[in-house]
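Asker: Next come the chains, spelled out residue by residue.
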Amino acid sequence: MKILIADDEMIMLKIIELRLKKDGHEVIVTSNGQEAVEQIKLHDPDMIIADIMMPFTSGLEIVSLVKKGSLHRKVPIIILSSMGQENVVLEAFNLGADDYITKPFSPNELSMRVKRLAPAAKLLSKTNENFS
Amino acid sequence: MLTILTSFASTINEVLNYLLHHFFTQQMLFDTIIFFIFLIVASIAFIFLYLFRKNKRWQRKVYLQKSLNSFIGEIAICESEDELNEIFSNPDYQSVLLQFQHIGSDRNLLISELAETSKKFRGSTMENILWLFEKMELRNQLLKNLENKKWHKKAKAIQQLAYLQQKNCVDIILPFTNHENELLRAEAQIALVKMTGFEGLEFLSKVTYPVSEWQQLRLIEELSSTTCTSLGNIHEWLQSENLSVVNFALRLVEIYQQFDFYDEVKRCLSHSSMAVCKNAVLTISNISNETTADLLVAHFAGYDAFIQTKILKILQSDGTEAQLPFLFSILNHPDDSYKLEAAKAILKISDTGIVAIEELIDRNAFPWNVILPQIKNVA
Amino acid sequence: MNITDAVFQFFSSGILIYSVSLLLFYLLIVVYSIAEIKLYIRKSSFTDYNLLASSVYAPSVSLLAPAYNEAANIIENVRSLLAVHYNNIELIVINDGSKDDSLQKLIEAYQLVKVPFLVNEKIKTKPIRGIYKSRNSLYHKLIVVDKVNGGKADALNTGINVASNKYLVCIDVDCILEQDAMLKLIKPFLEETNKQVIATGGVIRIANSCEVVNGKLVKVHLPKQLLPRMQTLEYIRAFLLGRMAWSRMNGLLIISGAFGAFDREIAIKAGGYNHATVGEDMELIVRMRRYMHENKIPYKVSFIPDPLCWTEAPASYKILGRQRNRWTRGTIETLQIHKKMFFNRRFGILGILSYPYWVFYELLAPLIEFSGFVGLTIFAMAGYISWPFFLLLLAFILSFGFLYSVFAILIEVLTFNQYKRRTDIFKLILIAFAEPLFFHPFVVWSAVRGNLDFIRKKKSWGEMTRQGFNSKKK
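Chains as they are written, first to last, in this note's numbering: chain R, 327 to 458; chain E, 224 to 602; chain W, 84 to 557.
Since the hints were made in silico from the structure, they are not lab data. Among the clues, some could well be false.
[Said to hold, decoys possible] Computed list of lysine-lysine pairs in DSSO-like fashion (alpha-carbon distance at most 30 Å, straight line):
hint, chain 1, residue 1, chain 2, residue 2
1, E, 367, W, 121
2, E, 372, R, 429
3, W, 205, E, 277
4, E, 373, W, 121
[What the hints assert, rightly or not] If you only want the chain W side, here are some residues facing chain R, beta carbon under 10 Å, derived:
hint, residue
5, 133
6, 136
7, 170
8, 174
9, 262
10, 297
11, 376
12, 420
[Unchecked claim] Here are the simulated distance ranges between beta carbons:
hint, chain 1, residue 1, chain 2, residue 2, range
13, W, 127, E, 272, 23 to 29 Å
14, W, 296, E, 571, 28 to 34 Å
15, E, 346, W, 187, 53 to 59 Å
16, E, 478, W, 429, 41 to 47 Å
17, E, 574, W, 247, 25 to 31 Å
18, E, 262, W, 127, 55 to 61 Å
Note that the coordinates shown come from a computational prediction; the quantities given were computed from them, not determined experimentally. Think of the CB as a built atom: it goes at the ideal place given N, C-alpha and C, for glycine as much as any other residue.
This is chain R alone, in the form it adopts within the complex (with noise of 0.2 Å):
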């Protein structure tokens, strides 16, 4: 599968492109909002995991803008953030994102929630493609 991870934090970022690399998957690297969206537009990621807290657009604003805006693409969206309230949270959620992690986190713990919503990646890809 084809990741991508959007994070403004480096250490962070290698870790989790390191676990992901090791389950396998295809790892696309991005710190900040601006570049998570370009880098979506050009790799047509299979999926995202983004931080909330980034220069330049949010990660509530990805979600936004994948689930209903103008990068539309139906692909599952985890948010990795340090802010756990709940209004938060229900705004994620509220705005299409498929799961929410609050760091700190386990590396083995997102490995697992990326396999688990790994079929709906695979079904809707497909999806995609139909429509492409």
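Position chains E and W against the provided structure of chain R, taking the given hints into account.
Answerer: The following block gives chains E and W in isolation, referenced to the frame of chain R:
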């Protein structure tokens, strides 16, 4: 009279004359100007030198971080001790590490990276980071930092010890929890709670300095990620001479719903400090039983406006018919906000309340012409 | 010794003594402010501000934003204020009898409906025409107050009456806030243990030519236009050096009206904003401090050197002149109202140091500078002082001015470093040298006019036309 004035004026004149000719001479002005120009040039040079050096330092840091990131990353996702050793002994990484071992500031960067990483992850990743910390024998450096004379370096070391879960250092950190330097004290308290959870709160029994509201927020936040184990000492804390400790204990009772301490909290309702009373009122409304509403009404008169308004708001959810007479008496209070809150409470408690109110007051006069629509709107 | 000589002597030496004492004061300010900023930055590095944003125990805040004829940008401004990063907050927008369609626009954009709302008139204000809340739960934090026009102070007082939370944050509706601005502004209230913090203020930065997207500051640029650029340097000097030092001594007399936090109860007890002065922001702080002194309650006014709030600065001489004129009148009015504090030991540092300093070195400075310059020029022309001496005097004062500005830039670079590009820093330094030609004399002249206007008792706010923020760098 005139002679005194003129002689006064001429002495001032002489002083000014002296100043003007000996002090504020042209030469002195000139020298000072040259001095200023020198300082200006030096400052400008310093500014650009500093910017240049800062840039260089930043670039180096980014470079070091990049090479470190791959290494730490690989370590982080290892799934067995063998894997860990394998990565560690990789010659490429070994050469990178060698760089770090020698320069003190680089070693601190390494510690900093490990601490920051450990902070962000849980589970096996964190354990791996700790393994690396042990393997590289960095604890000595951290303990050395703890002995640094500058308080912010000490505080940073304490913080990092906590992130890296160095529980064997608890005894070393404990004395700092009552240090006179506010920040050192704060970091030590947080560190203990981070590492040992609720047991880390033992400093509350001994701390003589006040625990600020901000610090209490931090402690509560830190505790929220651990499970509540022992709150046995709350009994002691609720009677502490350190008022901030009493306030904090009340908050803990509230958050962790410690009904066992109802009586002690009740006693705090008559405390000499209004701040304690305020917290006691908030706490007791969260561990309330059938006697609470009456209790609050009984203490009502002795409190300041803030607490009184709070009690009226509490009665809106916890009040019963027994409090109705009291609430009706508040309808005549000079402060209109009291009338509003009391009326809201009456409305919530009794279905016929609104009728009773309307009989008592003139619904077309201020403030009732605003209050009645407002409470009906919300209800 | 004849009288004319004595007069010249007196005059020249007077100017010199004044300049030197001012110089020494500035030196003291620099030393104090550096220590304080260093402490703040160190403390900041240990702080996780997000804690305050999410915790249920964070204090409740009422954000007051008075608005008058802001229809052009009001919807955007309110939207960016609603997005402020803080949980326990209510936003109260006070429409001060705008003549345009501000209210109508708000009602439509935010689905507002008039609601019955009891306002406890703790401070007397002009009548309220109505209170509006939103039907949409997304905007439940918003309260819009529509009232009869009464001026900024009156509007803020109305906001204070309507507010129900412990702390007030008064803000100019077109201010752009930093992400953590609220958190940083409120934190001092929670940190002090043996004194009550009654007000906090932060640094105001100039937003001209900065990139603003969706109400958030995205990129910082040095203003392209000359006047805003000059003001950037001026603000850096005033905030980073001046206010920081006074805050350390707990002698701060002013918190910017554009963004400041207050303890609501104390503000009410002190009587709320005074609408008889155009310097209502400074006057309230002085009065609140006076209240605490008179009631012998230990207290503190905190200042945060962090850039918290970005605002538009006047770009034309005309509007800048009006602004400075107003500031001068405000200062005179405030100092006059509280003249009891002059060298009065009862008011501690405020009476002994702050108040006299403001009288001699803030209020009188433009006057002394102006008369000094004119006077000395006349003396030089008439031959009573030699031209070399005159030029040296001028050079002395100029070079000290340059030194002070360059030093302020140095401190800025060492601390918050908002202008990261080296070319921007270089431009700032050039501005320091250009200031005495293009900026300073004008400001002094506006202050002198302010004094004259005060004497003529002019009381209006003047109009400030809106330019809009964006001049995106091409």
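Asker: It remains to establish, for every hint, whether it holds in the given structure.
Answerer: Going down the list of hints, with the structure as the test:
1. The suggested pairing of residue 367 of chain E with residue 121 of chain W holds, with an alpha-carbon distance near 24 Å, which does not exceed 30 Å.
2. Of the pairs offered as hints, the one joining residue 372 of chain E and residue 429 of chain R is violated, with about 34 Å between alpha carbons and a cut-off of 30 Å exceeded.
3. Restraint check for residue 205 of chain W and residue 277 of chain E: the C-alpha separation of about 53 Å exceeds 30 Å, so the hint is violated.
4. As the CA atoms of residue 373 of chain E and residue 121 of chain W are separated by approximately 13 Å, the hinted pair is consistent with the 30 Å bound.
5. Contact between residue 133 of chain W and chain R, as hinted, is supported at the beta carbon level, the nearest pair being about 7 Å apart and thus within 10 Å.
6. For the restraint placing residue 136 of chain W at the interface with chain R, the shortest Cβ-Cβ distance is roughly 8 Å, inside the 10 Å limit, so the hint holds.
7. Checking residue 170 of chain W against chain R by beta carbon gives a least distance of about 7 Å; that is within 10 Å, so the hint holds.
8. At its closest, the beta carbon of residue 174 of chain W sits 16 Å from a beta carbon of chain R; the interface hint therefore is violated under the 10 Å criterion.
9. This hint holds: residue 262 of chain W has a C-beta 8 Å from the nearest C-beta of chain R, less than the 10 Å allowed.
10. Residue-level restraint check for residue 297 of chain W holds (minimum Cβ-Cβ distance to chain R is 9 Å; threshold 10 Å).
11. The beta carbon of residue 376 of chain W is not positioned within 10 Å of any beta carbon in chain R (closest approach about 41 Å), and the interface hint is therefore violated.
12. With its C-beta approaching chain R no nearer than about 44 Å, residue 420 of chain W sits outside the 10 Å limit, and its interface hint is violated.
13. Between residue 127 of chain W and residue 272 of chain E the Cβ separation comes to about 25 Å, which falls inside the hinted range of 23 to 29 Å.
14. In this structure, residue 296 of chain W and residue 571 of chain E break the distance hint of 28 to 34 Å, their C-beta atoms being roughly 46 Å apart.
15. The hinted range of 53 to 59 Å is satisfied by residue 346 of chain E and residue 187 of chain W, whose Cβ atoms lie roughly 56 Å apart.
16. With their beta carbons about 44 Å apart, residue 478 of chain E and residue 429 of chain W fall inside the hinted range of 41 to 47 Å.
17. The hint said 25 to 31 Å for the Cβ distance between residue 574 of chain E and residue 247 of chain W, and at roughly 27 Å that hint holds.
18. Range check, residue 262 of chain E to residue 127 of chain W: Cβ separation about 29 Å, and the 55 to 61 Å hint is violated.
When each numbered hint is compared with the structure, violations occur for hints 2, 3, 8, 11, 12, 14, 18.
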